[in-house]
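As you go down the protein sequences, you meet chains E and C in turn.
Under the numbering used here, think of the first position of the first sequence as 1, with each following residue one higher.
Under the numbering used here, think of the first position of the second sequence as 1001, with each following residue one higher.
By construction, these hints were calculated from the structure, which means they are not laboratory data.
Just so we're clear, the structure is a prediction, and the values are computed from it rather than from any experiment.
Fair warning: there could be bad hints in the mix.
Claimed, not checked - Going by beta-carbon spacing under 10 Å, a handful of chain C positions derived as facing chain E:
hint	residue
1	1078
2	1123
3	1124
4	1214
5	1225
6	1230
Every residue gets a Cβ at the ideal spot worked out from N, C-alpha and C, and that includes glycine.
What follows is each chain in one-letter form.
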Amino acid sequence: MTSSITVAKVKQKRVAELISHGKRLDERGLNDYREVQLEVGIIERAEGSARVRLGKTEVTVGIKIEIGAPFSDVPNKGVLTVNAELVPLASPKFEPGPPNENAIELARVVDRGIRESKAISLEKLCITPGKKVLVVFIDVYVLNHDGNLIDASAMAALAALLNTKVFNYEIKDGEVEIKPGYTQLPIVDHPIAVTFAKINDNLVVDPWLVEEQIMDTRLTITIDKDGKICAIQKGGYGYFSMEKILEAAKIAQQKAEELRKIVAKN
Amino acid sequence: MFKIPKRKTKKRLDRPQKKPEKLINKDNVRIDGRKLEQLRPVKIEVGILANADGSAYIEQGKNKILAAVYGPKEVHPRHLALPDRTVLRCRYHMAPFSVEERKSPAPSRREIELSKVIREALEPSIFVEYYPRTSIDIFIEVLQADGGTRCAGITVASLALADAGIPMRDLVAACAAGKVDGHLVLDLMDLEDKEGEADLPLALMPNLNAITLLQMDGDLTTDEFEQVLHLAVEGCKQIYAFQKEALKAKYVAVKEATEEE
């Protein structure tokens, strides 16, 4: 994201110089992720939850499920909503208030990956067609911003979905009655977002904050479980050549496999 | 001097039909009669709003979109001004009557995201460092929408910037490509976008081979992705030709008008 913190010119120069030699300030390779730590079920009140730490970036996702009305054009499908909060305690540059364009973009990129890969079988969330369906609220809560919020949020959202349990219910005389016990939310795909920063015509995977400050531009590619591309978002000023985009698509495939294994372990 | 030419009263568009059984028939013809790799008819006019520093209007199929540029001008509020460059601001907005069900005029999350990616698609084309402590405001109003409005919006906004006389590296041309009924197609209309398998909007500075906007949603293998990418780039190049033609047409009109006087 582009919350501009000030990075000393000399540090900017050093980071860019290292990258052009295939190295990074934190000693990662250009295609390496930072260490990923994943915990699920951390919020008992939520139907599902997960915390992802990607280096110093920290994101918590909570999932709440409610009964609500379907959209009129898809009366037999459940509803999915993703919201993201760039909480002020996460960065000196985040301010209280309604979500700004960065928060909205973050939420919509996470949403697109889950929606387009059809990760949740929304048909199974229908209670009475046209009237009552389950509504899945995915709330992304950014707790510490050290770059690459998209990948951390997408991974936390997926891990939280896999951890989500829906209350059992029964329909009596057209009314929904909540029953004891829980059922797993039907998750059928595992979309993984892989984000690149372009710095001096080099691609780096999983940019951290300083790299985001000096990058020309950013590209996020979301890969589904079959290795297909289900969502893309270019962000930031600057541009890509066709060759760089195709190179990124290839790397994204491998990286998505690696990350999917981490999520599956939990 | 630049009047919108009078048009015959048009019949209302039919209510969107239910999904036809096939979006592409066995002869590879699409529901609006186009071939797979054919653009919708494009009509562009430059310099049509009297108050704006630059403006342009595009019709691409049933899309009707206006863009206006104000600036470079003083920044309001002032604290947003930057010491070394202009501040580019962009608002993409859909008129309440532009879509089938009335859209609330308040900016939706979709419009906020599109305003951001459109700004980021146009910014690489502008010499922002030429105008420190100023702002350039771009307003895109979608009057009627039929799929591909972010691309048509970029195409027309880039012309409005040129019309405002802002120094630019190249025009930005935009076009989507995607996958519908298993076929790779260019310039998806609304129904194809909604019912099809994938949609990939792309913006390009054709002379620099620089891709400034790239989004995708749907389901594509890596090979299909590469083909769709190439298709969208070809579409942008065709749009680019229309842009240059429209820009020249304006100055021919000015020249003729002054010669008459």
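Hint check:
no.	hint	in the structure
1	1078	violated (18 Å)
2	1123	holds (5 Å)
3	1124	holds (5 Å)
4	1214	holds (4 Å)
5	1225	holds (5 Å)
6	1230	holds (8 Å)
In this structure, the one hint that does not hold is number 1.
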